[in-house]
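Asker: One-letter residues, chain by chain:
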Amino acid sequence: MTLHARFTLERDAMRLDIDLTAERGETLAIVGPNGAGKTSCLHAIAGLVRIKTGEITVDDEVLDNGTGSNFVPPEERHVGLVFQEHLLFPHLTALDNVMFGMRARGVERSAARAKATEWLTRVGLSECIGQRPATLSGGQAQRVALARALATTPRLLLLDEPLSAVDASTGLELRRDIRTHLDGFDGIRLVVAHSALDAFALADRIAVIEAGRVVQTGTVAEVCSQPRSPYVADLVGLNLFRGAVRAGMLELPGGSKLTVPPTPDGDVLATLHPRAIALYRTRPDGSPRNVWPAPVVSIETAVDRLRVQLGGAVPLVAEVTPAAVADLRLAEGGDVWVAVKASEITVYPA
Amino acid sequence: MIRSRRDLAAIALLVPVVAAVLLFALPLLGLLLRAPWSDFVPTLLSTPVLDALRLSLTCSFSAAACSFALGLPVAVWLAQGSSWQRNAVRVLVTLPMVLPPIVGGVALLLAYGRNGITGLSLPFTTTAVVVAETYVAMPFFVLTVEAGLRAFDRRYAAAAATLGSGPWRTFWTVTLPMIAPSVSAGLVVAWARALGEFGATITFAGNLKGSTRTMPLAIYVAFETHPDAAIVLSLVLVLIAAVLLFLLRDRWSPVR
Chain A
1 MTLHARFTLE
11 RDAMRLDIDL
21 TAERGETLAI
31 VGPNGAGKTS
41 CLHAIAGLVR
51 IKTGEITVDD
61 EVLDNGTGSN
71 FVPPEERHVG
81 LVFQEHLLFP
91 HLTALDNVMF
101 GMRARGVERS
111 AARAKATEWL
121 TRVGLSECIG
131 QRPATLSGGQ
141 AQRVALARAL
151 ATTPRLLLLD
161 EPLSAVDAST
171 GLELRRDIRT
181 HLDGFDGIRL
191 VVAHSALDAF
201 ALADRIAVIE
211 AGRVVQTGTV
221 AEVCSQPRSP
231 YVADLVGLNL
241 FRGAVRAGML
251 ELPGGSKLTV
261 PPTPDGDVLA
271 TLHPRAIALY
281 RTRPDGSPRN
291 VWPAPVVSIE
301 TAVDRLRVQL
311 GGAVPLVAEV
321 TPAAVADLRL
331 AEGGDVWVAV
341 KASEITVYPA
Chain B
1 MIRSRRDLAA
11 IALLVPVVAA
21 VLLFALPLLG
31 LLLRAPWSDF
41 VPTLLSTPVL
51 DALRLSLTCS
61 FSAAACSFAL
71 GLPVAVWLAQ
81 GSSWQRNAVR
91 VLVTLPMVLP
101 PIVGGVALLL
111 AYGRNGITGL
121 SLPFTTTAVV
131 VAETYVAMPF
141 FVLTVEAGLR
151 AFDRRYAAAA
161 ATLGSGPWRT
171 FWTVTLPMIA
181 PSVSAGLVVA
191 WARALGEFGA
201 TITFAGNLKG
211 STRTMPLAIY
221 VAFETHPDAA
231 IVLSLVLVLI
241 AAVLLFLLRD
251 RWSPVR
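Line order of the protein sequences matches chains A and B.
Number 205 in the working numbering belongs to position 205 of the first sequence; there are no gaps in the numbering.
Number 44 in the working numbering belongs to position 44 of the second sequence; there are no gaps in the numbering.
Hints listed in this document are in silico derivations from the structure and should not be mistaken for laboratory results.
Predicted, not measured: the structure shown is a model, and the values here were computed from it.
Even for Gly, the Cβ is constructed at its ideal location relative to N, Cα and C.
Do not rely on the hints blindly, as some may be mistaken.
[Unchecked claim] Pair by pair, the computed Cβ-Cβ distance ranges are:
(1) A:L197 <-> B:P177: 52 to 58 Å
(2) A:R105 <-> B:P73: 24 to 30 Å
(3) A:A313 <-> B:Q80: 41 to 47 Å
(4) A:G130 <-> B:R150: 43 to 49 Å
(5) A:P73 <-> B:P177: 20 to 26 Å
(6) B:S4 <-> A:S164: 50 to 56 Å
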């Protein structure tokens, strides 16, 4: 079973031009900045918004091709969608919420009740069966919403930022459980993720949407090692350069040049890990091939390290230890020498 | 002793408040003080009073039911969007709310009377009472329910659709239960309006003992001949109003 979604749609001021493929048995994460169109993309696949042109198909079945005549309404698509705000029906108990989809599809009350009880037990909520959504915590509500979607035995399971409504401590456990349920679901799985961590923890493949377009797709490893946009680079915590290699030198748009490992000439992308950047108070001697002075724009804490935003001709983020910041007497607005070994720069075709 | 501007302001507020309280309280007090308490139960249980009460309850409940049956689809359609057609229908449906009821009665007579444009002979029947009451009461139901539907978060309907529920099922199992407070408030207000209806009823349905003489009409008639009976009937309506206010307290009280 394969989902092909190649479509455009216009909604409010947003224009989407999407091209996605997802296979049965894999989890595809959709990541991208706020307002990039991730949710609209899921809603188009679920049939909640109509596409303008293109086609959404599951195997040979057309769900929507923009003409209206082939539009399959959401209730006939067998697509389970877990909304960001869970949208449990407030007037129904947790059990009735999970039974809802089965009852709508004609399952008898007693059978639906048994199945719903089983699902709630499976997501660890056997004690909350009679509770209304208002009395559930964010994490519990998200689990009920997941059970409600899974209980309808959909062909596609779409999760829209399933971890955004819960706090960090419950998020950890919920993320692990969602991964378990995703792996146990034998269909096509799509997850919209806001944080890189969620995407990497839940997905096998990643599609990056920026400004309504898919800018990169690939396995988690591919996206992490070879980001193709500043957003993705930032997501995975790398410095990204776009430029051209000529005679062994990477020429950047501003005119700066960096020595990089031997690479054929042509347009390239290059990444540099923030921890591979060395900072000095005075011009360093020795082997690094790339040495230049740069102003310190800002310094932020990042867990056990400090992230130093550097300006100048080659803007970079470097990560150093708090001790190094003290030794170097780094301060915002001050200057520092930057040294980068050529071998630390990863270059790949643009 | 006036000490400050603050005290002056407090008095300036209190004086009209007391005046308003008297305006509302004195008529109620009058009813209570002049009620024939010794004859209260016998008067209440006399045939004309019981007939009027029974007729009033039957007709007002029927009018509330008609308002629900006709008003719910209208409210749903009105809430679906905005167009000149919807605006026109909304004006048409809510007109009886602001129209003097007696004008409504005359208009009903010209539409459904023997010499009216439809040639029906509806007037002077209990059905005519229900029609007149529905005519004046339904606008309250339609507006209340439409407001509830417009405030309804349609994403819940979308969630129901992804679970395999068609529009019909979604309406009855998700939308309607979620706007139930609006529906019940609309029903109560429409019913109360129907119960108190006088002008349109007497003009369109007449004042026939046992078939169209509802409580308000009976009070009007009794006031000339048996003022005591009029007071008893009035107190019954006051009691019903008090119960209504109690039922609606959560909806109308600004203090929660």
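Asker: A range of 20 to 26 Å was offered for this pair. Does it hold for the Cβ distance of A:P73 and B:P177?
Answerer: About 22 Å separates the Cβ atoms of A:P73 and B:P177, which means 20 to 26 Å holds.
Asker: Between B:S4 and A:S164, is the Cβ distance one that fits in 50 to 56 Å?
Answerer: For A:S164 against B:S4, whose Cβ atoms are near 54 Å apart, the range 50 to 56 Å holds.
Asker: Given a hinted range of 43 to 49 Å, is it respected by the beta-carbon distance of A:G130 and B:R150?
Answerer: Between A:G130 and B:R150, where Cβ atoms are some 32 Å apart, the hint is violated.
Asker: May I ask you to test the hint 52 to 58 Å on the CB atoms belonging to A:L197 and B:P177?
Answerer: 38 Å, violated
Asker: A range of 41 to 47 Å was offered for this pair. Does it hold for the Cβ distance of A:A313 and B:Q80?
Answerer: Once the Cβ atoms are compared, 59 Å apart, the range 41 to 47 Å for B:Q80 and A:A313 is violated.
Asker: Confirm or reject the claim that A:R105 and B:P73 have a C-beta distance inside 24 to 30 Å.
Answerer: 27 Å, holds
Hint violations for this structure: numbers 1, 3, 4, all remaining hints satisfied.
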